[in-house]
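Note that the protein sequences, when read in sequence, are chains Y and R.
Going by the working numbering, the first residue of the first sequence is number 1, and it counts up by one from there.
Going by the working numbering, the first residue of the second sequence is number 1, and it counts up by one from there.
No lab work stands behind these hints, which were simulated from the structure alone.
Any given hint could turn out to be false.
Covered stretches of chain Y, as calculated for chain R (at least 3 residues, CB under 8 Å) [to be verified]:
1) 113-121
2) 882-891
3) 915-926
Residues from chain Y that keep clear of chain R, each with C-beta distances beyond 12 Å, as calculated [claimed, not checked]:
4) V263
5) L392
6) E489
7) L605
8) H624
9) P911
Quick list of the computed label-pair ranges, beta carbon to beta carbon [said to hold, decoys possible]:
10) D78(R) with I76(Y): 51 to 59 Å
11) W182(Y) with N124(R): 41 to 49 Å
12) N124(R) with S840(Y): 25 to 33 Å
13) E143(R) with D177(Y): 43 to 51 Å
This one's a predicted model, so the numbers in the text were calculated from it and none came from an experiment.
A virtual CB, placed ideally from N, CA and C, is assigned to each residue, including glycine.
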Amino acid sequence: MAMAIRVFLLLLLFFSSSYPTFSLYEDQIGLMDWHQQYIGKVKHAVFHTQKAGRKRVVVFTEENVVASLDLRSGEIFWRHVLGTKDAINEIDIALGKYVITMSSEGSMLRAWNLPDGQMVWESFLSGLKPSKSLLSVPFIRNVINYRSSVQTSLKVDKDNLVLVYSNGCLHAVSIIDGEILWKKDLTTEGIEVQQLVQPLGSDIIYAVGFGNLPQFDACQINAKNGELLKHDSATFPGGFSGELLSVSSDTFVASDATRSILVLISIRDGSISFRQTYISDFVQDFSGTAVLLPSKITGIFAIKIDTFTVLIRVTVEGKLEVVDKIDQGVAISDVLSFSEGQQAFALVQQGRNKIQMTVKHSHDWNSGLLEESIEMDQQRGLVHKVFINHYLRTDKSYGFRALIVMEDHSLLLVQQGEIVWSREDGLASVVDVTTAELPVEKDGVSVAKVEQNLFEWLKGHLLKLKGTLMLAGPNEVAEIQRIRLKSTEKSKMTRDNNGFRKLLIVLTRAGKLFALHTGDGRVVWSLLLHSLRKSEGCESPIGLNIYQWQVPHHHAMDENPSVLVVGRCGYNLDAPGVLSIVDTYTGMELNPLGATHSIVQVIPLPFTDSTEQRLHLLIDSDQHAHLYPRTREAISIFQREFANIYWYSVEVDNGVLRGHVLKDNCILEVADEYCFNTRDLWSIVFPSESEKIIATVTRKSSEVVHTQAKVIAEQDVMYKYVSQNVIFVATIAPKAIGEIGSVTPEESWLVVYLIDTVTGRILHRMIHHGSQGPVHAVFSENWVVYQYFNLRAHRYEMSVIEIYDQSRADNKDVWRLVLGKHNLTSPLSSFSRPEVITKSQSYFFTHTAKAIAVTSTSKGITSKQLLIGTVGDQVLALDKRFLDPRRTVNPTQAEKEEGLLPLTDSLPIMPQSYVTHALKVEGLRGIVTMPAKLESTTLAFIYGVDLFFTRLAPSKTYDSLTEDFSYALLLITIVALVLAIIVTWVLSERKDLQEKWR
Amino acid sequence: MAVKQRSKLIFLKLSLLFSFSLLSSALAISPGAGDGHTINGRVKIPSLGAKGFALPGKLSDIKVILNGGQRVTFLRPDGYFSFHNVPAGTHLIEVTTIGYFFSPVRVDVSARNPGNVQAALTENRRRLTELVLEPLREEQYYEIREPFSVMSVVKSPMGLMMGFVVIVMFLMPKLVENMDPEEMRRAQEEMRNQGVPSLTSLLPGAARS
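The task is simple: from the sequences and hints, build the whole structure.
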């Protein structure tokens, strides 16, 4: 034992001899990491193609990104991710050089420079009744009817205005500097504005909307000064549903309160006239309700009846007539005006393997401008949105291109019946990530094939050697970089010895599963999950998590690995769940498991059946447990372990923590042997007036701990309390639930607990006074690190709690070991109530954290690093040694030898230890680490709006040669040595001979 | 080219504004509508545009974050930023950008006497008289490759091996030279008795012959 300790100490010394920061040379970018930039599902797009020069499209997305894309390639020119509470409502381009965004329900108006994305100005539009801001319509002159001719019409205008209706007020803002020129409060008029219209060439703005719902109001406002010229109102006896569409500058369409009558409203000549039409009059067998689809097309509008979309035209006489009735899957673009007074719109219909795009004149339904059918990958799902733009062909005729947003959130540019480019923007909204192994290399395919011949190989290495000796010229440096980056080795589709090549299985919010190759980040396969698509039984399905379903190694090698995708129909916990199993080699959905019960919790059990399918326990909202897979074998394995299965649940709203255990089979109407009743074992109720749960964290179940013993100074040993069943809970004062700055330190506190989830025993409790959330925590081995905000110091603080098992402390006695009186081999059980001690320490940390994770390696020997996602969307690797509660201000000599660092009040931030180096992972949301086969190495995947993947070695790669290891130098040395041996041998032989002759 | 010109412009503007900011206080918290206040401040990066690796145009990538993500705002071309409708209390402002390290700033917005504002860097507790945020230091994310030196080759395992060989080859004869001739002869005698170790004797066939 003592020997082992000594060896371990030596090893430790060896590892800790240098500050192992993650450091990277500039020429190593892209060798082990990749970075992908996304924007998210496009909500609206505005083209900028008028001027010569670069053609762009400006978009804003569901991820709250405003971006300018290259229309030729789809690349991002610039983009900005706005704050989460500052949702973008509208965008437009003004004066041909500014992008105007309106966000926060119309309270914020910003202008961005179109070429480079620099913010030009920002205006805060306050309303008198900010709470009443139900609607906002940003309005750039003539935008509704002549969206693309904004530039020309504005140039004519002297005062370049943006009109914004928000918080009950109409604002006119100067485009040049964002100054609010005038503001008209319309709440006093009792009108909720639905549309703003400005007829071409006039200084009058019409603001139309509803007063009290049966009443329709129209206000005429002078665009120069905001003066209210006229206020008309009229009452419609049937009432309104609240929707209003404009079909021309003086005609509007609304539906009545029952949604069965369409009302055509005309405000011609200062008077309001209604004209009602029963939908049943022109749509056959209409029953139920009709929904007006928001559209901006002159003369045509669309309504949705059941699954049908009905296009209706408004004739000059004010009559309505149906022009088309389309079953499902249709997207309609806004109107586009090209050449003199011509207006067109696009209609995209869904086919089986293709989509049908039609571009028509808005006033002449019968003649189509363009009809194209485009091949479409079925994995992209339905067409959700379409935006069109025109261009001048060489023969002076007009061509049209369309930007299409699909169900899987991807963005495509379609021109001349072809997809010019596509962006997989679904990857901007990753929900969950897991990994899958690649297939094992088959016999017959040798690695040598990939290598070039020996000469080439040697040449490459000589070049590398030149590079390391800094003798290479710029051309050679470029050549070296090219060789390194293109290395086919890293993107092969087979498993490697080091375990660097894997598949990242990523579930996105669109319900699409992607398999990304860790080598270069390319999409290997993608699958739009059937069970997570909108269907009749499932209106708003959401994907929740991915679990490892089947990971074959030893005796089921011919099985393909698969993952389990868990989803739910709707946001309520009692909504029915959906399950789906996907083969990770082929990307095929295997038999979807139709779960009829709800899914509140999924517990992967530590048991597998003969085909290595993992047993999962799914808890529904009625506290029943359901066993999956539903096989006889699974149930027999399960019965054996029946009494040993414990789990816990957290009720955040009630502040209750409960422990559960299985009871017996369910008694339902239909016999179900895979269903079990459960009972509560224990519960902890936090006092609701003083504590509110804000964070709970447990250990990763897959984590491997190498040793329970921790060798400390003077050959002493401490035993880590390593238990799978410990949960970290953080609660704060209910008052402090808000943002930083909303409470005083006196009325805020943070309480942290370590609780055993089997017995409900509270192992540790600690209060941080004057602190508040948000709390980010990570639990690994026997320690927890958590971050919170210290209100007194007004800084973020990071604390560490380490928990040690005192009951094993006596084992240090060598005599007891010799006599066999130790309890080292006794199993660790929650029921034995071991005596534990905890150590804790706190440090300041500069940045706000968005996520915290810890590195994990295959054997757990390598020291750990914390990966902290900072507010600047970077990820910092921080050695766990900085968060060691045994740190003191003046460590003793022995402690120094152990590698204990002197205590400092704040954690160091070394720029070289940013794993994302000079890149940003915009909108960072999560960090996932997974072990490689090589013990020193861990793989890290960071996701947000962007994706980033890298390979980390927390203690440097002590078990493999570095990337820039010079084989050539080794070879030269060996050759030189052999030569030397031969020469000396020859010399000695000759000398020997001379000796003999003498 | 266009980018370069613009960057120069920004730099000029920055330096111009610096001279003005001495006259007019950049720190301004003005009472807005209702109970909200407006915090105005400025970010100043002295070397922006003059340095190679912080590319020009980076100004547009600087974000100013209030209270850990509650609000996010961007800089205007002149480096100014503002947060509107901020309630009274103690707030935290962070500036994030690639290449520079900014200390978070604690800003007290007092409800009793609007306009009276206190700001301090949380890293070093330095008080700010005006809300002009400057980076504490530049951040270099990459290790610098050390230029080729003889020492690095010597220090490498191969270098050590070579060094050892050299020592054996050149120093050993010297040692032998300094030896007493008597002793030398005796040693040679001994060696002869044992047989001369040579490569041939090590080969498997040599033993038989």
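Against the structure, the hints:
Residues of the region 113-121 of chain Y with a Cβ under 8 Å from some Cβ of chain R number 8, which satisfies the need for three, so the listed coverage holds. Judged by the Cβ-Cβ criterion of 8 Å, the region 882-891 of chain Y is not covered by chain R as claimed, because only 0 of its residues qualify and three are needed. Residues of the region 915-926 of chain Y lying with their CB closer than 8 Å to a CB of chain R number 4, which satisfies the three-residue condition for coverage. At the 12 Å boundary, the C-beta of V263(Y) stays outside the reach of chain R, the nearest C-beta of that chain being 38 Å off.
For L392(Y), the condition that its CB be more than 12 Å from all CB atoms of chain R holds, with the nearest at approximately 26 Å. At roughly 24 Å from the closest C-beta of chain R, the C-beta of E489(Y) stays outside 12 Å, upholding its exclusion from the interface. Every C-beta of chain R lies more than 12 Å from that of L605(Y), the closest at about 37 Å, which supports listing it as non-interface. Here H624(Y) stays apart from chain R, with its beta-carbon at least about 39 Å from theirs, past the 12 Å limit.
Non-interface status of P911(Y) relative to chain R is broken: a Cβ of that chain comes within 12 Å, the nearest being about 4 Å off. As the Cβ distance of D78(R) to I76(Y) is approximately 26 Å, the hint placing it in 51 to 59 Å is violated. Distance hint check: the CB atoms of W182(Y) and N124(R) are about 46 Å apart, consistent with the given range 41 to 49 Å. For N124(R) and S840(Y), the hinted distance range of 25 to 33 Å is satisfied, since their beta carbons lie about 26 Å from each other.
Against the hinted window of 43 to 51 Å, the Cβ-Cβ separation of E143(R) and D177(Y) comes to about 45 Å, which satisfies the hint.
When held up to the earlier numbered hints, the structure conflicts with 2, 9 and 10 and fits the remainder.
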